[in-house]
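Starting from the known structure of chain A, arrange chains B and C on it as the hints suggest.
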Amino acid sequence: MSDTSSVALDTDQSFSRSAGKQLLIYAGYGFVFIVALFYFLSVAATQVGGAAGGGAINFEENSITIALRQEPPQLDHTRASDAVSFTVLTHTMEGLLGYDNDNQLTPGVAERWEIREDGATFWLRDNALWSDGQPITAHDFVFGWRKVLDPATASIYAFIMYPIENAEAINSGELPPETLGVRAISDSVLEVSFEQPTPYFEKLVAFQTFYPVRQDFFESTNGRYGADADQLLYNGPYVITEWVHSASMRWEKNPNYWNKNNVGLIDTIEVAYITEDVNAKLNLFKDGQIPNTQLVASMLDSAMEQRWNIDRFMEGSIFWVVSNFREERLTNNYNLRRALQLSVDPVEFVYKVLKEPGYMPGTSMFPYWIKGAENLFRQEHPPIEHVPNEELARQHLEMAKQELQLDEFPPLVMLADDSPVGNMTTEYLQAQFSEKLGLEIRIDKQIFKQRLLKANAGDFDILVNGWSPDYDDILTFGDYFASWNLNNRGRYNNSELDRNVRIGQTSLDQNERMAAFAEVQRITYEDAVVIPLYERGWSFVVDPRLKGFKRRVIGPEVDYRFAYIDRNGSSAD
Amino acid sequence: MWTYSIKRVIQGIITVWFIATATFFAMHSVPGDPLLNDRAMSPEIRANLEAKYGLDQPLLTQYVVYMTNLVRGDLGISFVHENQSVNDIISERFPVSAILGILALFIAAIGGVIWGALTALYRNQLPDYIIMFLVILGISVPSFVVAALSQLFLVNVNELAGRTLLPVAGWGSVLHLLVPALVLGLSTMAYLTRLMRSSMLEITNSDFIRTAKAKGLPPARIFTRHQLRNAILPVVTVLGPQVAIITTGGFVVEIVFAIPGLGRFFVEAVQQLDYTVIMGTTVFYGAFLVVMVILVDLIYGYIDPRIKLEQ
Amino acid sequence: MTDYADQTSSFNATDFEALERSQDVNVISRPSLSYWQDAWIRLKANKRAITSLYIIVFLLLFTIVGPWVWRIDPAIQDLDQISQPPGTDRSALIVESYVAWDGETDVGNGLRVIGDPNSQAVRLAWDALENANGHRLYRNRFPVGEEMAFGIPLAEYFDNNIVTHEDRLDVRPDTYFYSVVALDDRGQVTDNFQTIEVEVERVTTLAEARERGLVDEGSPLQVGDSINLEAHPLGTDYLGRDMLARLMAGARVSLFIGIGAPTLFVLFGVVFGSVAGFMGGRVDQFMMRFADFVVALPFLLFMILFKIAFGIGPGESGVLPMLIALVVLMWPATARLVRGQIIQIREQGYIEASKLLGASTPYLVLRHMLPNTIGVVLVTLTFEIPRVIFVEAFLSFIGMGVAPPTPSWGSMSNEGIRTMLITPHELIFPALIISITVLAFNLLGDGLRDALDARMRNQE
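Chains as they are written, first to last, in the numbering used here: chain A, 1 to 573; chain B, 1 to 311; chain C, 1 to 460.
For reference, chain A alone in the conformation it holds in the complex:
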């Protein structure tokens, strides 16, 4: 073809020119078409996805726009088990008792209460109303609690009610729900009897699972209770007026809430973004679309550059390495466990590898914020100081080798979650054990539910996991390694520890309880049951115009109930 093109170069150029012109016209059509399509589809988009918010803070409307980490699976609190559902529920519901902005226990639906050795009595306030204006009665609590324990509900958090008389038997189907030790003496008096003394019961009833449910409304939803905004009845500071699944929610101030003048100061909270991507949230914050966001280590430099006011809080959970104590496992050997324990340096791990300023190196199975009899538990009963010692670790490994009559250790299986921090942890530990002890570690990284399955089946030598508190009492961590606890996935079984946990569960003397848990703390360290790695905490940044916003250990992760907008706060930019 080269002959034609060389001859007809001239005409080719004129051809290109006019063809190009034609193409330009087509491009114009195409552009117009795409713009029209855009317009049409964006109209459609507002129909399907719910509208996005217009800026983080709106003075005129007294409203804010926020992001949630995940979509709540559903908002039936009798079955809720995840942190995001609990966060939403804390804003929309209220239990007998609650927590104020300084994390102190305060009256909720109950005006006053009394805890005895064999039970408790709650006197309900008469101005506590449901969002449809009807009063909340003791019957609503009886119905709700029975429903939690009803085996048909299959509530994962049912165990938290086991201190109530007959609760465990009802939950396992041995007794009918009507036999539960909870009675409504009148519309306003609720009487509870205990299975065994439960000194921390007042802290338990602040937990979300103990919220009330009204029978007639529940039955009117035909089993869809909590699935949608209109399938819920609220009694807290906010009501959900709109819920577009996995896209957006709108919480509006509940006009029937008894304490509306002190709690729920912002009129409308728009949940416009549901995303777990911290980078996306950081970008939204920078852009002034949400009033607060979490900062991970890699964002801190630019946060400092932006001159933001960085804040931190301890999230409450603790992450650790637990060993498998089943007979056939090598980790059943004390010396091997001790060797592992001595070769882990949580301080180095947190400060050099994770580099999160919010994290604290683990020193005990009890987090630092756990309350003791008077002060913090760890001030009253300091844990044994952990000094990593490579030399000693190798000696213990040698002893383990002899006891187990092994020439060479077979690879150990380390089970962990498939998450970014999980990866850092396992890779760090793998390198440490291999460098210091010459042990080969096989990382078994699984998605959450597969990890749980394997953990339950005991399919590991060492397990990296975490535990977050359910209620504000030391027992929420204290009974983790009790032989009867199903969460004790390494099946640790030590009668001395069990005895101390029993004391901690039932004793009414706070000093005696704490002394018992100090024993638990000592045993778990000395027997190398658990290697605490870190206590989790976050750095975060809040728009200076938003005041009173809190992140909490117990209760909601993010708490806007006491937040208010300060017009004088300097702008985010």
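These aren't lab readings, by the way, just hints derived from the structure by calculation.
Beta carbons are placed, not taken as given, at the ideal position from N, Cα and C, and that holds for glycine.
Hints may contain errors.
To be verified - Straight-line alpha carbon distances no greater than 25 Å define the calculated DSS-like cross-link-like pairs of lysine-lysine that follow: (1) A:Lys550 <-> A:Lys355; (2) A:Lys21 <-> B:Lys215; (3) A:Lys21 <-> B:Lys7.
Said to hold, decoys possible - Quick list of the computed label-pair ranges, beta carbon to beta carbon: (4) C:Asp127 <-> A:Leu404: 54 to 62 Å; (5) C:Gly280 <-> B:Ser206: 26 to 34 Å; (6) B:Val236 <-> A:Gly223: 45 to 53 Å; (7) B:Ala47 <-> A:Gly223: 14 to 22 Å.
Chains B and C only, in chain A's frame:
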């Protein structure tokens, strides 16, 4: 024509059945347990949950039940989002993915045709080099990198402008759609540009164009009637499979831009081992793709008389 | 007519003698080229394709020979150099080993540094601030300024008696501004604060230097001397692992999957397609319908499904399940292509001729049919490789790919994207190498197609 269409539809139905079966057995051979939770539960509660989802039945019975429900159009109830049916979940989220996908597809198709024609027209000249360089970038840079960088770019642009010109994430207005759709359509556009270019070049050198030129037809007419029309055909053929790539390729864009679409939800469901949602989504996507491919084939037969559909 | 008659009459005997065999017949004016030689010449003329070929050869060398040249274990964590971009100053002062601080302070006023501030630790002490109900300690890389931006909160002490803090959190050689801020009785930050500027020096200990082989056992190095830490030409990642070594190790996974999987499924596709094409009829119909089913499976969804369905045991990197899934899902395209080719070839005249000459079926297939499809197959292969590399990268990116600590380019990008803003080198290198690889294979594929496919010739 009609017999062909009916044949294709029947084939499509069998294909969907095949997908559903494959998904069902793949899903049930997955090690793991959708019912597990961080807080250990007693065997009684477990048994109740198993009964609720029919997991206590033998596998074959479960399969029969699943297929019967599928025929009735019922995809079951989500394990994680209890009280929500998979049908509801899909009907809420798919439109979001679809809107994004349609937009991306049209941007890619129109862009690809125009850029491709342009490069062919100015072959081995500056516009050709520039566009082909961009095309090569579009083909060889992974979409997650493009998505992350473009979001970063948006943030910086907004910061420079001192206000939000384009939202960096989320869903709702026309502006939210723009960048995600562009990012999503980018690699397809690059691919189509290349395809259009080579198909244009092939046509340019063919005899009938030379004849047309020799006849003295006006260049614009030759270009539109003869070249463009013929060159577009191969582009139309690949649109069917490209629909698949774009709709399922939406994961990354949906994750990075916090868009509540079905792709992102699928990844979450996999992480949670939400059996019913995983199966429902896969079957739904499979059926959707089958329909798209059949449609494109029929359209192709309609616009290109050379193709005999009975073949 | 008569003229002709005349001519015929002019033949003589010599005209009917046999000609002498001319030497010229055997001389071929142009060199004889086989199909492959011809293709090779065409390919060589294509500069882009040849450059790509060089790049691919280089990548293979990088993967195979690289680890022999750059003998750093990709799993070794250099915790003194975490997330270091390439070209960072790596000199370090030798100091005594770290000893825990007993909290002893010298007398002084206000916020002050105790001892030498270095990358092991910065020790701070202060006097209780006025009206304070405890203190919070901050670290910043910038002066506090009027925004009252104190920087990163390091710790808070709700006890006025605790007036010391040891900062060991990711201390880098840099200038830091430490501030101590008084808390009010509800634990809230007040605007009563003190601030101090601290210059931090990079240090290491003698024991560490020896252990890492930075100095010989007998060298006269002592505290106060300065040495260079390990070199990392492409920097280090978030665990202080050498990026270059990780890229090489990652190349092994990415290229193994990227080349292994396409080779396998293209082979399978060739067998499947040629059987279908050769048998024809019902068998062909059935086999192709099956291929259609597999094509109809939503690809990425099924990749993810397979990935978790096959499950990976402890310590396995999950390369094998991914390979299997790729082969299971990706063969039909090649099968279709080869079938089409075989059907075309089957109708060709030379096949008929060969049959008439008594060629057996295996001979027909192996001698005539497959060699004639090999060009198409090769081109498909080069185009499938970048596709698979992308799929691997994508799956690793959403966390469904190979398991750590096995690196792959995709998982490295995934890790890098989280720290994109601060240490872009952790994203740029893996992303770049993915792009280059994909580009090289694509351009080589283009070149091969032009060189092998006669129909496409002269297009460019």
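(request) Of all the hints given earlier, name the ones this structure violates by number, lowest first. (result) 3
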